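Engineer: Residue-level listing of the chains:
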Amino acid sequence: MDRLTPQKYLSLYIDMRRMRAIEEKATALYYEGRTIGRIYSGRGQEAISVGSTYALAADDAVAPMNRDLGTHLVRGITVREIFCQYLGRANSSNRGKDAGLHISSPERGVMVNMISNLPASLPVAVGIALAFKIRRELRVALTYFGDGASSTGASHEGINFAAVRRLPIVFICENNQWALSTATSKQFALEHLVERAAGYGIPGIQVDGNDVLAVYETTAEAVARARGGEGPTFIEAVTMRMKGHSVTDPAQYVPQSMLDAWEQKDPIRRFGNHLRQENLLDDSLDENITGKISAEIDDAVAYAEASPFLPAEEAVTDVYAEGIATTYA
Amino acid sequence: MDRLTPQKYLSLYIDMRRMRAIEEKATALYYEGRTIGRIYSGRGQEAISVGSTYALAADDAVAPMNRDLGTHLVRGITVREIFCQYLGRANSSNRGKDAGLHISSPERGVMVNMISNLPASLPVAVGIALAFKIRRELRVALTYFGDGASSTGASHEGINFAAVRRLPIVFICENNQWALSTATSKQFALEHLVERAAGYGIPGIQVDGNDVLAVYETTAEAVARARGGEGPTFIEAVTMRMKGHSVTDPAQYVPQSMLDAWEQKDPIRRFGNHLRQENLLDDSLDENITGKISAEIDDAVAYAEASPFLPAEEAVTDVYAEGIATTYA
Amino acid sequence: MRERSYRAAIREALLEAMSADERVFLLGEDIEYAGVYGVTKGLVDKFGCDRVIDTPIAETAIVGGAMGAALMGLLPVVEIQFADFIAAAMDQLVNMVAKYHYRTRTPLPLVIRAPAGAILSTHGSTGPFHSQNPEAWFAHTPGLKVALPATPYDAKGLLLAAIADMNPVLFLEQKALYNEKGDVPEGIYTVPLGQARLAREGNDLSIITYGAMLSPALRAADLLDGEVDVEVLDLRTIVPLDKEAVLTTARKTGKILIVHEATRTAGFGAELAALIAESAFEFLDGPIMRLSSPDAPVPAAPELAGYYLPDVNEIVTAVRRLSAY
Amino acid sequence: MRERSYRAAIREALLEAMSADERVFLLGEDIEYAGVYGVTKGLVDKFGCDRVIDTPIAETAIVGGAMGAALMGLLPVVEIQFADFIAAAMDQLVNMVAKYHYRTRTPLPLVIRAPAGAILSTHGSTGPFHSQNPEAWFAHTPGLKVALPATPYDAKGLLLAAIADMNPVLFLEQKALYNEKGDVPEGIYTVPLGQARLAREGNDLSIITYGAMLSPALRAADLLDGEVDVEVLDLRTIVPLDKEAVLTTARKTGKILIVHEATRTAGFGAELAALIAESAFEFLDGPIMRLSSPDAPVPAAPELAGYYLPDVNEIVTAVRRLSAY
Ligand SMILES: Cc1ncc(C[n+]2csc(CCOP(=O)(O)OP(=O)(O)O)c2C)c(N)n1
Ligand SMILES: Cc1ncc(C[n+]2csc(CCOP(=O)(O)OP(=O)(O)O)c2C)c(N)n1
Ligand SMILES: [Mg+2]
Ligand SMILES: [Mg+2]
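Chains as they are written, first to last, in numbering that gives the first Met the number 0: chain S, 0 to 328; chain B, 0 to 328; chain E, 0 to 324; chain F, 0 to 324.
Rather than coming from a laboratory, the hints here were simulated on the basis of the structure.
Hints should not be assumed to be uniformly reliable.
What the hints assert, rightly or not - To spell it out: a stretch of chain S is covered by chain E in this simulated footprint if at least three of its residues, at any positions, have a beta carbon under 8 Å from a beta carbon of chain E; those stretches are:
1) 146-157
2) 182-188
As the list claims (entries may be wrong) - Computed, partial: chain F to chain S, Cβ under 10 Å:
3) A60
4) I61
5) F81
6) M95
7) A97
8) K98
9) H100
10) P106
11) D164
12) P239
13) L240
14) S278
15) F280
Unchecked claim - Covered stretches of chain E, going by a simulated chain F footprint (3 or more residues, C-beta under 8 Å):
16) 78-86
17) 98-104
18) 136-143
19) 263-269
20) 291-305
Values in this document were obtained by computation on a predicted structure and should not be read as measured data.
Backbone N, C-alpha and C fix where the C-beta goes; we use that ideal spot for every residue, glycine too.
Based on the sequences and whatever the hints tell you, model everything.
Structural biologist: The following block contains the structure:
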């Protein structure tokens with residue numbers, strides 16, 4: 000496993016900042032009636048998708064969920080692409096046929112275009128790892144799922160199958176304490192969800208999901224293990240969903256004290272402070288970053304708004320693919 | 000928990016003997032073309048269903064699987080009823096509409112009529128336990144599933160839900176080393192399947208599935224825990240499927256050495272020897288038992304063969320129930 | 000006249016059923032809080048968490064669990080958060096639940112509520128995974144009943160009938176209608192499963208429909224007033240199907256337009272067309288036409304969704320085409 | 000003429016496809032050993048356990064896993080042990096797999112093989128959970144293709160076409176046909192998805208069918224020789240549907256009997272009837288009739304199953320009734 004050089008610290012920080020700023024902008028656009036679908040915010044969880052995705056090599060594969068905007072940014076999905084998606088334009092990942100952060104980009108390793116049904120990407124990511132293993136490629140798959148999604152049969156079947164075949168995959172469970180209005184105490188009878196890993200015979204590691212370096216390092220170790228043929232790892236990244244389930248959810252069921260306590264652990268502020276201590280960040284650089292991000296977002300929103308929608312008749316196209324997959328030649 | 004009195008030992012022994020003899024007869028009838036559907040034998044696993052079901056109180060509920068003939072016998076399903084079912088007669092549990100050991104008898108606490116799809120009874124048994132808990136009844140549900148069925152999403156969802164709500168239920172996983180042709184090494188990456196229990200936050204106990212007293216005692220402890228409000232227990236009963244998956248499966252994929260080794264641990268012979276040591280059984284009593292069982296079976300087969308089939312037109316009846324469930328009065 | 004929304008009518012049915020019969024209880028994700036569409040709001044305060052039970056995200060455990068409770072004499076009402084997610088409980092539902100009475104003659108009174116269909120707003124539609132109309136799968140699954148109420152009155156009365164029914168009933172709430180208002184009597188009343196309602200009498204042509212498409216069908220009929228005299232039949236339940244009502248209107252007008260929001264191929268409209276083509280053939284004065292969503296997932300963006308979903312204008316056009324035949 | 004069984008034809012297709020293209024691999028329960036119907040027997044010896052992969056009992060992981068492999072450029076052929084168990088993978092199949100190309104324009108070449116339909120023997124039928132014909136669910140799921148080969152020739156050719164197709168294809172092997180023999184050429188050939196086959200020409204009446212019902216339909220037609228001149232159309236795939244062939248035979252004879260083994264209500268026969276009632280109405284000389292299993296689960300006992308399953312005699316009776324119209 001490579002340790003991150005301090006030089007790279009700044010890009011982690013910037014990507015977390017970008018993630019938050021993009022989601023804030025998208026939320027504002029939602030209220031203006033300008034987005035397609037709802038916004039699902041990963042506020043407070045930025046360290047997870049950003050930190051973990053940094054641990055992947057260029058030709059690894061990742062299957063992010065809807066609070067994993069950081070994954071897209073780290074893999075090089077542009078802010079323009081993201082706003083085109085939020086605005087449902089013809090040039091977006093789903094071309095307006097689907098909404099939300101259902102973005103994929105095979106050429107940049109964002110291999111699975113998530114769907115709403117939970118956690119449908121997980122078994123697919125397992126299949127990607129299976130392909131790597133079949134072809135003896137030293138590549139790794141990474142996927143995410145929620146504390147709530149851990150209760151589904153699909154998560155069980157996928158993780159168990161990966162464990163049995165020792166597939167090169169890393170499962171990150173983002174335990175953000177809530178699944179919509181449901182607290183984790185109603186989701187599982189465990190003190191720590193990571194205890195489930197032992198039930199699959201794979202290593203389980205709990206990590207502070209608000210500590211981007213810890214997330215990076217934990218993931219990098221798991222990725223190295225997967226690449227080394229040692230099979231899957233189950234990482235529980237403990238964090239907190241700081242907003243409602245979606246932009247329409249006031250989340251009154253979340254105790255304010257809980258939000259207050261977690262606000263203290265904000266991953267961006269925390270890492271910012273660390274960078275300042277290390278003399279990698281100061282006010283002027285931070286303002287500079289803020290400015291760059293906001294320019295990037297302004298550009299992207301303008302670009303997206305200038306982008307056309309798909310013509311209405313395309314509502315019924317592309318249900319099937321054309322061409323043939325093999326000539327058996 | 001009640002310890003079994005030695006006086007009751009004999010009935011455990013007799014029920015195991017009955018189970019084996021009934022299955023042998025059913026297998027013979029299959030080859031004569033006289034049964035409906037295939038026979039799935041629990042040979043070698045008799046201690047599990049017999050021993051565990053003895054641990055239930057009269058108004059507890061049980062959801063057996065197709066190798067759990069012992070459960071039916073212990074709950075008082077008659078041998079006549081069993082052969083009527085094997086022969087698909089109108090007076091059987093499924094009246095010929097379904098086959099195999101898909102028997103239920105609500106009044107005797109065999110609450111779920113299993114289906115082939117694995118392990119569909121498990122979530123239903125969880126629902127039974129939920130009803131007990133909702134109504135604050137001190138009753139317990141018991142269900143079985145295979146090493147193979149442990150890989151399904153349905154088993155995960157059911158066990159986890161029961162764990163979360165601390166429902167009064169006992170899950171017995173009959174690890175008979177095989178799921179059709181699939182060895183456990185291809186089913187899970189655990190040394191012992193019981194390790195999965197910890198992943199649900201419930202007690203897991205491994206028991207020698209060929210030791211009927213051990214099965215009884217382990218189950219009785221779990222039942223007591225459930226009745227005491229302490230929630231579910233996951234029991235792994237380690238055993239061996241001594242026949243093919245069904246009567247049509249020669250099971251050439253099973254190493255002969257494995258069968259030979261397990262033959263030494265035959266649960267009936269083993270318990271018989273124990274009874275002899277305790278002076279509860281001798282040759283003449285054993286012969287007497289053999290005679291009684293074979294008379295019981297002969298009677299049952301004759302009875303079943305004399306029983307009519309359902310009239311053909313009833314193929315399309317009873318798809319829906321009549322009547323109303325509540326008048327809201 | 001006591002006006003209530005479709006949502007309120009459903010909540011009222013739950014509340015009155017739970018008050019009248021303590022065996023009735025609710026099981027589902029996030030239903031303590033209110034449910035995504037707020038239908039179960041406040042019920043936990045009245046009935047406690049033993050009767051309004053939040054579950055993990057586990058549709059198979061929910062449906063199987065409800066069945067177990069039904070076997071023990073309770074009357075479970077399940078909420079699946081969106082009809083799209085019923086697929087995650089498919090095996091329990093079609094194999095265990097639907098076939099149970101046939102195999103054992105043990106009744107399974109059990110209701111599965113789920114919001115179905117698309118909503119179109121300024122944010123586009125509810126998209127491919129929160130808009131589906133899977134009723135045809137379940138109409139093709141013997142052992143299940145399927146209700147799709149089109150009005151607040153029916154929503155309450157059909158739900159009360161479904162809870163009182165001895166069989167598993169899939170109750171597909173039309174999410175586009177949650178805010179629609181209509182006459183809803185206080186107290187318990189039932190609308191029998193299997194009785195269609197003649198929503199509008201007419202002589203020239205029949206629209207057969209159900210669920211969210213009733214209201215555009217009626218609007219289309221009004222728009223065509225004086226031009227084509229349109230009869231509109233609201234099926235209310237597709238299983239049991241009121242075949243008599245379908246055949247009666249077919250025999251009366253001889254021209255049939257079937258309208259539903261679900262996709263076309265092998266949708267329930269096909270069954271209606273087949274029934275009529277087999278049993279009212281002699282009375283037909285023209286081809287049996289179907290209007291539905293096209294054979295594609297439900298797109299999200301507004302223009303795509305507008306194009307995709309059947310609406311009043313398309314119904315008007317179809318009626319004109321058929322009546323000109 | 001090279002005779003092979005339907006089972007052998009399928010195995011040959013797998014073997015030849017795997018030999019010709021190393022991206023093709025198999026995934027499923029117990030397929031190393033042979034599979035329950037012996038279709039994959041011996042393939043692991045030839046191709047090794049990296050290309051014939053036994054899985055845990057986990058239909059959702061199997062279908063999802065196959066999709067992931069397809070995304071990486073492999074060509075997975077999944078075996079679901081019985082079509083009845085596809086329900087356990089429903090969510091992956093209808094929501095993730097079926098809608099993927101529409102949402103992303105990423106092709107998903109992926110075949111799901113599953114034995115469907117009942118077998119009747121001295122031991123009764125294969126019963127409620129090993130006999131089902133779920134094709135209509137999937138015909139109502141845009142994004143999937145559905146093949147139901149009726150002959151050994153088509154079994155091989157359609158499977159090779161399915162593997163070469165860029166879309167997810169549900170390949171429903173008709174388990175009643177596994178031992179049926181027929182002409183099967185050596186080497187790779189494909190039968191295009193979406194091309195029906197006129198299995199018998201006739202002028203008086205058309206039977207439209209597919210899968211296991213083709214053979215009783217042909218026998219019925221032979222029995223009626225001289226009395227009614229029956230045309231028999233074998234659809235081979237229901238998605239894509241060869242609408243031209245359906246409408247051509249409908250226009251030609253004007254009398255249509257649709258036959259399938261699946262249950263009646265909202266079965267695929269309804270779609271065929273609806274298509275004809277809409278697009279060949281003027282040519283009809285009588286009601287469109289459907290013959291199918293009744294709306295009930297598949298019973299196990301021999302007499303029940305005999306009564307339940309459609310057979311030659313019922314087809315003959317139905318043809319006579321319709322031709323007398
Ligand atoms: C199979 C399925 N059931 C229900 C839902 C509805 N639903 C959407 S998100 C959600 C909560 C998810 O919680 P979690 O997995 O913890 O992810 P988080 O939203 O906290 O990131 C639920 C219940 C769904 N999408 N899929
Ligand atoms: C959902 C589902 N998938 C596949 C099958 C086919 N099948 C029937 S039994 C069996 C093996 C079961 O193994 P296990 O659970 O260990 O039970 P055992 O037969 O050993 O008692 C399989 C794969 C099934 N019945 N249900
Ligand atoms: Mg969560
Ligand atoms: Mg086993």
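Engineer: Does each hint hold? Answer for all of them.
Structural biologist: Here is what the structure says about each hint:
1. 146-157: holds (count 6)
2. 182-188: With 3 residues close enough to chain E, the hint holds.
3. A60: holds (4 Å)
4. I61: holds (8 Å)
5. F81: violated (18 Å)
6. M95: holds (4 Å)
7. A97: holds (9 Å)
8. K98: Interface hint status for K98 of chain F: holds (7 Å vs cutoff 10 Å).
9. H100: Interface hint status for H100 of chain F: holds (5 Å vs cutoff 10 Å).
10. P106: This interface hint holds because 4 Å falls under the 10 Å limit.
11. D164: holds (7 Å)
12. P239: At 8 Å from the nearest chain S Cβ, P239 of chain F passes the 10 Å test, so the hint holds.
13. L240: This interface hint is violated because 13 Å lies over the 10 Å limit.
14. S278: Violated: closest Cβ of chain S sits about 18 Å from S278 of chain F, beyond 10 Å.
15. F280: At 24 Å from the nearest chain S Cβ, F280 of chain F fails the 10 Å test, so the hint is violated.
16. 78-86: It holds, with 3 qualifying residues against the three required.
17. 98-104: Check passed, 3 qualifying residues.
18. 136-143: That given contact holds, which follows from 5 residues of the region 136-143 of chain E lying within Cβ reach (below 8 Å) of chain F.
19. 263-269: holds (count 6)
20. 291-305: Satisfied; 3 residues make the cut.
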